[in-house]
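Novice: Letter by letter, the chains look like this.
2 protein chains.
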Amino acid sequence: MDRSRVGLKDVARLAGVSVKTVSNVVNGYVHVTPATRTRVEAAIKELNYRPNLSARNLRQGRTGIIALAVPELDIPYFAELAHFVVACAEERGLTVLIDQTGATREREQLVAEGFRAHLIDGLIFSPLALTADDLAARVDDTPMVLLGERVSGGTADHIVVDNVAAARDATLHLASLGRRRIAAIGAQDDAVAETSRLRLAGYRQALKETGLPRDDRLVVPVEAYHRADGARAMAALLDSGPMPDAVFCFNDLLALGALRTLLERGHSVPGEVALAGFDDIEDGRYGTPTLTTISPDKQAIARQAVDLLADRMAKSSQAEAREIHVAYRLVIRESTNG
Amino acid sequence: MDRSRVGLKDVARLAGVSVKTVSNVVNGYVHVTPATRTRVEAAIKELNYRPNLSARNLRQGRTGIIALAVPELDIPYFAELAHFVVACAEERGLTVLIDQTGATREREQLVAEGFRAHLIDGLIFSPLALTADDLAARVDDTPMVLLGERVSGGTADHIVVDNVAAARDATLHLASLGRRRIAAIGAQDDAVAETSRLRLAGYRQALKETGLPRDDRLVVPVEAYHRADGARAMAALLDSGPMPDAVFCFNDLLALGALRTLLERGHSVPGEVALAGFDDIEDGRYGTPTLTTISPDKQAIARQAVDLLADRMAKSSQAEAREIHVAYRLVIRESTNG
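The listed protein sequences correspond, in order, to chains H and F.
Mind the numbering: the first sequence is residues 1 to 338 in full-length UniProt numbering, read in order.
Mind the numbering: the second sequence is residues 1 to 338 in full-length UniProt numbering, read in order.
Treat the hints as calculated values from the structure; they're not laboratory data.
We treat Cβ as the ideally placed atom computed from N, Cα and C, and that holds for glycine.
Please note that the accuracy of each hint is not assured.
Unchecked claim - What follows is a set of in silico ranges between Cβ atoms, one per label pair, in the way DEER data are often shown: (1) Gln-299(H) x Arg-105(F): 53 to 61 Å; (2) Val-331(F) x Gly-271(H): 29 to 37 Å; (3) Ala-300(F) x Leu-177(H): 40 to 48 Å; (4) Glu-223(F) x Asp-189(H): 41 to 49 Å; (5) Ala-300(F) x Arg-105(H): 44 to 52 Å; (6) Thr-210(F) x Ser-176(H): 49 to 57 Å; (7) Ala-201(H) x Thr-155(F): 55 to 63 Å; (8) Ser-268(H) x Leu-330(F): 42 to 50 Å; (9) Glu-223(F) x Asp-162(H): 36 to 44 Å; (10) Thr-104(H) x Arg-322(F): 32 to 40 Å; (11) Ala-42(F) x Gly-178(H): 28 to 36 Å.
What the hints assert, rightly or not - List of simulated lysine-lysine pairs, DSBU-like, C-alpha gap at most 35 Å: (12) Lys-9(F) x Lys-45(F); (13) Lys-315(H) x Lys-315(F); (14) Lys-20(F) x Lys-45(F); (15) Lys-45(F) x Lys-45(H); (16) Lys-315(F) x Lys-9(F).
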């Protein structure tokens with residue numbers, strides 16, 4: 001059959017459903033049973049039917065695509081999160097276009113300002129460089145859900161984990177082991193490094209509460225949050241800082257890098273140095289020692305993000321922005337519990 | 001300025017370039033210098049100009065979007081590859097829509113048959129479940145580049161690493177250490193598990209060449225290629241198989257899982273058991289011991305894929321399908337070199 005002539009009617013006839021149902025499937029609406037969706041998709045496949053997106057767009061202003069903009073895909077936290085977002089979106093028949101911003105202000109601004117708004121129905125965005133003012137100044141009206149530390153200024157739905165409380169919990173755990181010289185790896189000078197700022201605040205709060213002295217030589221800055229940065233920071237600390245008996249790293253990649261340096265130099269973990277990270281990426285569960293970490297509920301973050309976004313897209317409402325707090329757990333493993 | 005009135009001319013005037021140049025940038029053509037592209041994008045941003053994709057589509061049949069379809073994003077090999085593909089595509093002004101197929105035949109078939117062909121100008125596809133026949137039967141004419149083991153049947157450009165040779169090299173390396181009971185973790189019963197089949201063939205070839213006996217109790221099947229599968233397979237081998245003195249795992253995640261089980265049970269690596277993986281993901285470079293592995297040149301794979309695809313898209317040629325072999329290296333680290 002010449003596919004350019006195949007229409008909704010042909011698909012509906014083959015699938016044994018109404019034209020309206022085919023249209024619902026094609027448009028990614030949620031109120032279609034999985035069985036019906038499968039039948040319709042099989043018919044679409046058999047006939048090689050292609051919905052005319054362009055015409056459909058003009059008529060309905062919908063593409064069935066949402067964008068997920070994250071700093072970097074090869075940071076496992078974001079890859080794991082993207083995996084969950086794609087799965088949740090798929091349940092609603094939505095396709096996810098994934099954007100890597102590289103955490104640069106310029107790329108993030110393009111994302112926020114709807115550079116590709118003509119392609120997407122909604123945006124899930126984890127900005128690192130943009131400020132609340134940047135986001136408040138946004139003129140694009142594509143529905144958006146923000147993830148992460150950045151304050152939205154009340155301009156968009158926002159899903160957040162309490163970084164200060166989580167960093168405090170991790171540090172209190174290290175103190176509870178009797179450790180007194182607790183270092184922190186992951187400080188960043190950059191004025192916009194909000195994640196770093198909040199986790200550092202939680203770390204310092206815990207020191208204060210437990211009466212431990214604040215020694216800024218134990219706070220090690222990093223350029224980025226990769227394994228190599230953690231390995232370098234740990235080496236710098238061992239080379240010139242006071243010897244720590246515990247280290248809280250602001251993410252798991254930093255901790256895995258620091259762990260490598262410690263073991264390479266013959267220090268036992270947790271015997272000499274106890275170590276905790278943040279993110280609960282899968283690597284940390286299989287290394288030796290396994291890594292104590294803060295585990296944000298990534299699946300909940302993804303589900304909330306897709307749900308909030310779908311809600312906005314359906315209503316195109318101007319309702320007040322919501323802020324959803326997602327739970328985290330302190331997961332104690334071998335790196336602090338040898 | 002009312003953005004609905006902003007046109008190419010306004011952008012061209014502000015950027016100080018011709019309308020044609022703006023059009024080239026908007027359409028993602030490659031023959032625009034980075035400096036000009038930056039200037040045009042700044043003007044687009046300042047004016048909040050939005051190209052009318054729908055009208056443009058109808059006119060030119062182009063969206064500036066390519067799709068990358070991979071089995072799973074939270075497998076680091078694919079996340080690292082996606083990272084490189086996004087970067088290479090971006091240099092050409094192309095946006096990458098990332099698809100997770102879950103390696104199921106049904107989802108892969110939808111991808112191959114151009115279910116979303118109306119959205120994309122081209123497709124980079126890493127199929128695991130589809131056969132050469134499936135691909136040969138494809139009627140969709142969206143330009144496509146295939147990655148990985150699957151034979152394309154000459155229907156599409158194909159980028160491939162020589163899995164048999166690489167697996168053979170890894171096994172020969174283990175034999176060269178004097179190991180005699182070399183196990184293989186990663187066999188799969190599934191008739192379509194081509195990666196597994198090729199790596200097993202390379203492993204067996206090396207045993208034969210070195211005169212080592214073939215002992216099928218040392219070949220351990222897995223359900224999937226995650227850390228947990230490797231950990232389970234290693235436990236099964238230690239519980240009931242002959243004790244190996246080396247293990248070749250068919251990817252790094254399996255090796256990292258197997259490593260965890262070995263260390264947990266008090267076996268030294270590489271002292272008692274030498275261990276090699278495949279993929280060269282970053283985790284393997286930071287664990288203790290660091291992991292010996294086969295390192296396919298992922299950046300070359302990504303660049304070749306984007307280059308071949310862009311070439312197809314530009315020419316819409318029916319030229320014969322090309323097969324590009326990408327180099328790999330055996331990287332010897334602590335897990336075989338203690």
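Novice: Next, verify each hint and record whether it holds.
Specialist: Hints, verified against the model:
The given range of 53 to 61 Å is broken by Gln-299(H) and Arg-105(F), whose C-beta atoms sit roughly 26 Å from each other. Between Val-331(F) and Gly-271(H) the CB atoms are about 30 Å apart, so this pair conforms to the stated range of 29 to 37 Å. Distance hint check: the CB atoms of Ala-300(F) and Leu-177(H) are about 47 Å apart, consistent with the given range 40 to 48 Å. The hint said 41 to 49 Å for the Cβ distance between Glu-223(F) and Asp-189(H), and at roughly 47 Å that hint holds.
Separation of Ala-300(F) from Arg-105(H) is about 31 Å and departs from the stated range, judged on CB atoms against 44 to 52 Å. Taking 49 to 57 Å as the suggested C-beta distance range, the pair Thr-210(F) and Ser-176(H) conforms, at roughly 54 Å. Checked against the hint of 55 to 63 Å, the C-beta distance between Ala-201(H) and Thr-155(F) comes to roughly 57 Å, which is consistent with it. For the pair Ser-268(H) and Leu-330(F), the beta carbons lie near 32 Å from each other, so the given range of 42 to 50 Å is not met.
Range check, Glu-223(F) to Asp-162(H): about 37 Å between beta-carbon atoms, so the 36 to 44 Å window is met. Remark: the range hint 32 to 40 Å for Thr-104(H) to Arg-322(F) is upheld by a beta-carbon distance near 35 Å. For Ala-42(F) and Gly-178(H), the Cβ-Cβ distance of about 56 Å falls outside the hinted range of 28 to 36 Å, so the restraint is violated. With a CA separation close to 14 Å, the supplied pair Lys-9(F) and Lys-45(F) stays within the 35 Å bound.
The hinted pair formed by Lys-315(H) and Lys-315(F) fails the criterion: a straight-line CA distance of about 43 Å is larger than 35 Å. Of the pairs offered as hints, the one joining Lys-20(F) and Lys-45(F) holds, with about 18 Å between alpha carbons and a cut-off of 35 Å not exceeded. The suggested pairing of Lys-45(F) with Lys-45(H) is violated, with an alpha-carbon distance near 39 Å, which exceeds 35 Å. At most 35 Å may separate the alpha-carbon atoms for a hinted pair to count; Lys-315(F) and Lys-9(F) meet this at roughly 28 Å.
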